[in-house]
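Given the sequences, and given the hints that come with them, work out the whole structure.
Chains as they are written, first to last, in our numbering: chain A, 1 to 715; chain E, 716 to 868.
Check each hint, because a few of them may be wrong.
[Claimed, not checked] Short derived list, chain A residues pointing at chain E, Cβ under 7 Å:
hint, residue
1, ALA248
2, ARG397
3, ALA398
4, ILE499
5, PRO650
6, PHE654
[What the hints assert, rightly or not] Reference listing, derived: stretches of chain A covered by chain E, where coverage requires no fewer than 3 residues with Cβ under 8 Å from a Cβ of chain E:
hint, region
7, 214-222
8, 354-367
9, 614-623
[Claimed, not checked] A partial selection of chain E residues facing chain A, derived with a Cβ cut-off under 7 Å:
hint, residue
10, CYS744
11, GLY752
12, GLY850
Think of the hints as simulated: they come from the structure by calculation, not from any bench. All C-beta atoms in this analysis are idealised placements derived from N, C-alpha and C, irrespective of residue type, glycine included.
The residues making up each chain are set out below.
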Amino acid sequence: MSHGFGAALKIDDGKPRLPGSLHLNRRLSQWLHFRADGVVEVKPGKVELGQGILTALAQIAADELDVALERIRIVTVTTPESPDEAVTSGSLSTQDSGSAIRHASADARRIFLSVAAQSSGVAYEAITVADGDFIGPDGKIGSYWQWADAGLLEVEAAPDAQPKPADQRRLVGISAPRRDLPGKVLGSPAYVHDLRLPGMLHARIIRPSARGAKLSAIKDVALPGDARLIRDGDFLAVLASTEWDAEAAATRVAQQASWQEESTLPEQARLEDWLRDAALRGERKITEKQEAETPPAAHRLERSFHRPFLAHASIGPSCAVARWQGDAVEVFSHTQGPYNLRADIAKTLRCPAEKVVVRHMEGAGCYGHNGADDVALEAVLIARAAGEKPVRLLWSRADELGWSPFSPAMLVDIAAEAAADGTLLSWHAEIISNGHSGRPGRSPIPTLLAASQLADGFPVQASINPPLAAGGGAERNGIPGYRIPKLEVATTRLLDMPIRTSALRGLGATLNVWAVESVLDEMAALVGEDPLQYRLRHLDDARGRAVLEKVAEMANWSGRQQGDGFGLGIGYARYKNTGAYAAVIAEVEARERVFCRRLWIAGDCGEVVNPDGTMNQLEGGAIHGASIALVEEVRFDDKRITSDSWESFPILRFSEVPKVEQALIHRPEAPFLGAGEASLAPTIAAIAGGIHAALGVRPRQMPFTPENIAKAAQG
Amino acid sequence: MIGFSLNGADVALDLPSHATLLQALRGPCGLSGPRFGCGAEQCGSCMVLLDGKPAYACSLGLDAVAGRHIVTVEGLGSAAAPHPLQAAFMAEQAGQCGYCLSGMLISAAALLAANPAPDEAAIRTALEPHLCRCGSHNRIIRAIQRAAREMAA
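This is the structure:
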């Protein structure tokens with residue numbers, strides 16, 4: 001049974017523990033297949049999202065098997081053949097999939113070498129592997145390819161297989177070039193958007209005029225070409241042989257449809273009040289509580305921090321291709337969780353999951369639960385009207401920015417106390433937010449957008465938070481990583497959900513890290529201490545201290561100059577409190593608005609498979625963080641999302657993107673910790689600190705626009 | 716019937732007037748490089764060269780390109796003979812998801828044709844119409860600088 005939160009959750013099923021996702025997908029042949037022609041097929045259950053994971057997984061397999069990297073062919077995920085690794089999320093792919101593939105490869109190598117030893121009489125210990133050939137004292141005695149068809153991998157992985165020690169790895173820890181990049185640079189077909197199947201039709205969606213609006217009437221309207229209308233309840237689409245006719249038809253239908261609208265959205269200008277009010281009806285849980293006798297406090301700070309709804313804002317709108325055959329359907333999708341998607345499509349269709357096949361293909365970059373799953377269900381629904389012809393559905397930009405799940409607006413209230421010398425004594429945080437996961441596959445009721453719009457549809461449920469063992473959702477990084485004797489952190493999950501919410505890179509950490517770091521900065525200032533030194537003396541984790549010291553050295557923190565509209569700020573977190581460490585320093589320039597000009601990042605991601613890929617992820621996460629900090633905000637009126645274009649939902653452009661310097665602290669003996677999300681939240685915290693250094697104002701509300709900074713200045 | 720030159724070859728298409736150049740390129744012309752991002756000239760994913768100048772294919776009607784020269788990313792180079800920019804993007808690993816890269820390469824090619832040694836500010840200005848959500852901007856800038864050096868050598 002897929003839990004969907006990665007291998008971070010320990011499964012107590014009584015079976016011997018196997019690393020990562022191997023535990024739940026135990027047969028070696030689920031992961032590896034040797035071909036007689038000298039190719040190794042590696043079959044991860046994680047998917048490429050633009051993060052370079054498939055290159056890293058190929059490196060791990062090639063290294064452990066002792067074959068050239070070029071021999072590895074990655075088989076992209078298809079249900080039901082691929083291992084079920086739930087969702088590619090949470091910066092867990094190297095932990096979940098990399099650990100599994102490493103162990104499976106080590107075990108496969110041992111099995112094949114045992115066969116070679118037996119058949120040749122050469123002692124097992126005397127055999128070496130050279131690009132897949134098994135070499136004894138007198139030359140070649142076999143190969144993976146020779147026994148490719150012997151069924152040797154039709155066994156469960158042995159718990160005692162021993163991967164190579166760190167100092168013997170050759171293809172791990174090197175910056176192998178991305179396998180997918182050449183095709184993308186040459187303009188080759190690379191994404192599900194580029195899939196062309198014979199007889200394929202094109203579809204577009206006509207969205208309700210407001211959130212939750214009901215279709216009251218649709219006039220008969222002449223549609224271009226062979227375009228036709230498809231309707232099921234409030235789900236409305238058009239289908240045509242060409243993209244241009246589908247698009248023109250959608251525009252005409254949108255003009256002719258009338259909807260019964262209601263005001264369902266909170267007042268944007270009073271979002272903070274809405275969060276507090278909804279929290280009264282929410283579900284409050286203690287996230288962490290630590291009792292201690294503390295001396296009387298000399299300093300006390302009470303501060304609130306607030307964040308708007310955020311959009312994923314993928315560069316390519318979501319897309320899927322679906323095709324029915326009899327009572328079964330296959331769908332090509334850029335989902336993060338093929339099995340989870342399959343489950344929710346089947347629930348919506350009220351059919352067994354086996355009737356649905358999900359084939360992963362890449363989409364544009366994905367930073368969490370965006371429209372990828374929704375568009376897949378919609379393509380399946382529309383394709384019911386196309387016989388056995390494939391249907392390609394492409395979302396519009398307005399669909400993507402207006403109808404994808406959003407990362408929820410949040411509020412955190414912190415009360416912190418310190419002794420006269422600034423030593424932190426107590427911490428109380430109240431986190432208020434909608435749930436950060438509305439992903440498919442985790443509930444008896446499907447969570448996909450169209451499931452609630454069908455005539456025979458399903459109710460919308462309030463999104464949940466992943467368990468704390470998987471990093472939590474709203475509460476992610478809400479527990480400070482610093483030494484504080486007395487602590488209480490509580491999280492209230494809102495049960496009102498006027499705007500559908502789900503996971504976006506960092507989840508609650510995007511607010512929590514900034515809130516924690518801002519209070520530390522302010523407490524340090526109260527006692528006249530340097531923010532870096534103040535952090536270091538409250539931080540027991542040597543690896544955390546190491547990234548802070550490293551980044552301070554890179555940015556010449558102790559020699560920094562600021563004022564006159566310039567300032568440096570610092571931010572630190574260990575992602576999820578269990579993942580990668582990142583410390584960031586931001587240089588901020590305050591003019592008519594705030595710019596982030598430079599970033600310095602020091603990261604510790606444990607063992608690093610591909611340093612260049614890891615640095616690409618850390619830099620990308622930091623730039624994403626800078627964009628969130630400075631400009632991003634989902635906007636809405638009482639009925640609809642209004643920030644549904646790049647003009648109304650801007651992200652940083654080239655002229656605004658900071659320069660970045662990075663250092664990675666390598667820990668080849670340490671476990672993988674992931675890289676995709678670690679730098680994002682510390683960057684937001686560092687920019688906030690830089691704003692204070694430049695302007696003397698501590699922001700209280702994201703994004704750090706002139707209006708929001710002015711509000712903070714007025715108190 | 717509308718005729719134009721596409722990556723050096725003559726093309727003639729008979730499409731309704733509401734078809735865009737991008738739909739024609741991705742449809743009957745069978746190309747994948749020009750990509751749909753917004754349909755509103757706001758992201759640059761669809762950028763092509765129109766008589767050597769960057770143009771948004773998502774909003775161009777076919778009649779606007781009659782008799783003119785279109786170059787897409789496929790026309791810049793090939794796997795066997797990549798354009799120096801394509802080689803430089805690979806060398807710098809300048810991309811993550813890669814969806815924006817076709818358009819970036821087109822604007823970069825136009826920039827280098829007009830200004831063989833652009834400074835960083837000129838590169839940022841030339842790429843301002845292009846959005847990248849993965850945060851590969853600095854690598855893209857380095858790749859364009861590398862290509863400029865290679866082309867000058």
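How does the coverage statement for the region 354-367 of chain A fare against chain E, requiring three or more residues with Cβ below 8 Å from a Cβ of that chain?
holds (count 6)
Closer than 7 Å between Cβ atoms is the bar; does ARG397 of chain A clear it against chain E? Give me holds or violated.
holds, 4 Å
Do the numbers back the hint for ILE499 of chain A, that is, is its least Cβ distance to chain E under 7 Å?
violated, 21 Å
Hint status (Cβ of PRO650 of chain A to nearest Cβ of chain E, threshold 7 Å):
Cβ of PRO650 of chain A sits 9 Å from chain E, so the hint is violated.
Report holds or violated for the interface hint on ALA398 of chain A, using the least CB-CB distance to chain E and a cut-off of 7 Å.
Check failed: Cβ of ALA398 of chain A comes no nearer than 9 Å to chain E, outside 7 Å.
Under the criterion of a CB-CB separation shorter than 7 Å, is PHE654 of chain A in contact with chain E as hinted?
holds, 4 Å
Restraint outcome when GLY850 of chain E is required to lie within 7 Å of chain A by C-beta distance
It holds, given that the least Cβ distance between GLY850 of chain E and chain A is near 3 Å, below 7 Å.
Using C-beta distances, would you say chain E covers the region 214-222 of chain A, given that this needs three or more residues below 8 Å?
With 0 residues closer than 8 Å to chain E, the region 214-222 of chain A misses the three-residue bar; violated.
Hold the hint about GLY752 of chain E up to the distance rule: shortest CB distance to chain A must be less than 7 Å.
Hint on GLY752 of chain E: holds, closest Cβ of chain A at ~6 Å, below 7 Å.
Between the region 614-623 of chain A and chain E, see if three or more residues pass the 8 Å beta-carbon test, and mark the coverage as holds or violated.
holds (count 7)
Hint check: 7 Å Cβ-Cβ cutoff, CYS744 of chain E to chain A:
The hint is violated - CYS744 of chain E has no Cβ within 7 Å of chain A, the shortest such distance being about 12 Å.
Would the stated hint for ALA248 of chain A survive a check requiring a Cβ distance to chain E of less than 7 Å?
holds, 5 Å
The structure does not agree with the numbered hints 3, 4, 5, 7 and 10 stated previously, though it agrees with the rest.
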